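S.K.: One-letter residues, chain by chain:
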Amino acid sequence: MPFQTHETSIFVYNSFMKTSISFFIAICAVSFLSAQTAGLPPLDKSPMDMSYYPYNYPVLRIQDKVTEPIAARVIYSRPQKAGRSVFGELVKFGEVWRLGANEATEIQFYKTIRIAGKKIPKGRYTLYAITHPDSWTIIINKDTDTWGAFKYSSKKDIIRTDVPVQKSDTVVESLSMTFEKTPAGCNLIVAWDNIKTALPINF
Amino acid sequence: MKIKSNLLIAILVLISSCNNKKNDKEAIDIKVNPKEDSLNSPKQESSNNAYAPIDISPMDMSYYPVDYPKLKMTGAIKIPPVARVIYSRPHLQGRRLFHDLLKYNEAWRLGANESTELQLYQNVSIQGKKIKAGRYVLYCIPQPDKWTIVLNNNIDSWGLQPDSTKDISRFDVLAKQNKSHLEYFTIVFEKIDTGAELVMAWDDWEARLPIQF
Chain A
43 MPFQTHETSI FVYNSFMKTS ISFFIAICAV SFLSAQTAGL PPLDKSPMDM SYYPYNYPVL
103 RIQDKVTEPI AARVIYSRPQ KAGRSVFGEL VKFGEVWRLG ANEATEIQFY KTIRIAGKKI
163 PKGRYTLYAI THPDSWTIII NKDTDTWGAF KYSSKKDIIR TDVPVQKSDT VVESLSMTFE
223 KTPAGCNLIV AWDNIKTALP INF
Chain B
60 MKIKSNLLIA ILVLISSCNN KKNDKEAIDI KVNPKEDSLN SPKQESSNNA YAPIDISPMD
120 MSYYPVDYPK LKMTGAIKIP PVARVIYSRP HLQGRRLFHD LLKYNEAWRL GANESTELQL
180 YQNVSIQGKK IKAGRYVLYC IPQPDKWTIV LNNNIDSWGL QPDSTKDISR FDVLAKQNKS
240 HLEYFTIVFE KIDTGAELVM AWDDWEARLP IQF
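These protein sequences, in sequence, are chains A and B. For reference, each letter of the first sequence is one residue, going 43 to 245 in the working numbering. For reference, each letter of the second sequence is one residue, going 60 to 272 in the working numbering.
None of these hints come from the bench; they were simulated from the model. Bear in mind that the values here come from a model prediction, so they are computed numbers and not experimental data. Even glycine gets a Cβ: it sits at the ideal position worked out from N, Cα and C. Warning: the hint list may mix true and false statements.
Here are some of the chain B residues that sit facing chain A, going by a computed Cβ distance under 10 Å [what the hints assert, rightly or not]:
#, residue
1, D114
2, K129
3, L130
4, T133
5, Y163
6, E165
7, S174
8, D215
9, A234
Cut-off 27 Å, straight-line C-alpha distance, at most; resulting in silico cross-link-like pairs (DSS-like, lysine-lysine) [as the list claims (entries may be wrong)]:
#, chain 1, residue 1, chain 2, residue 2
10, A, K164, B, K205
11, A, K238, A, K153
12, B, K235, A, K164
Which stretches of chain A does chain B cover? Using the computed rule of at least three CB atoms under 8 Å from a CB of chain B, they are [as the list claims (entries may be wrong)]:
#, stretch
13, 101 to 109
14, 113 to 123
15, 129 to 141
16, 173 to 182
17, 197 to 206
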């Protein structure tokens, strides 16, 4: 009996080793696959993305389904919640937040639009936000092609406008931006964790 | 031997599970070449994101001067950038570029998802031809020893089916193989005496388009 137990434990040990070695090799294979050659950039941890208004405009174009002219595009990087508490902790209330990661978040208007009654000429702008528990101040700033909010200067603001915060039961893992049609134009929707805001853009 | 076959199975299962996952964003109802649309990597966030699921081939951007936004942030540079490219980055997942993914003489979108975009902040010159500041779609027609790099003005489009009637210019550049193995498609700029090179690299292939300014 002791012998058999020993035999069994060796068997268990062996198959454990096999499994763990297989697993180890598989993990190595994956990390090998995702490794980039030195000198060229690896994949960003917070991947970049873009959203258009009209929603999915590039796809609509190749499907010949465009029904209204292009109005806006946002380019932003997408940090993940990764188990953290986002608003009030990771993103501090009352501080300028870059609404993204890495390169500054960029909003491009393809025609003159209005936000909170103010005319904004077509062009590229940087987006920031100051979060509060119940509202966000959305900032449109003309200093483009920069990094994060580290050199943010309110002198280059085009407009600041407050939008209410909507709380939701569903958690959005990655910072998300999209556009939704409204009677007066569109809303820029920003959602992350359990928070969602909508910035009305009129045109 | 048993261990070895176990390992092989584990790796194969892993790779094939990566291959089987489809990119929501790519699932559009035009005629999509499935091979082309599988130029993608595993999803990090499943479709539980109602606003915008994470793309399988994540987007990225490269500037010239290299790392321009960081230089601007630190105050190391005051002049405007010269160029920027915005592209999505498919990955190989065990496939080879010209064995499995691309065909010679067929348009390749130099990316994934939205059309790859080259933004020139100033007028430049490429192979003696003046190119005005502006935004262009970038795509490529690969041949065995050279790649034809196309600048096209059908901007804000999707990468599949580039509209060649809107081509601005075509430039042939040498394509060369080297020893590296690049998992993710990569575009960067590199400084040269007369301006910068747009470096396009994937698998063991590399092509460089010199831009003068």
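S.K.: Please write out, lowest number first, the hints stated earlier that are contradicted by the structure.
M.R.: 5, 6, 9, 10, 12, 15, 16 and 17
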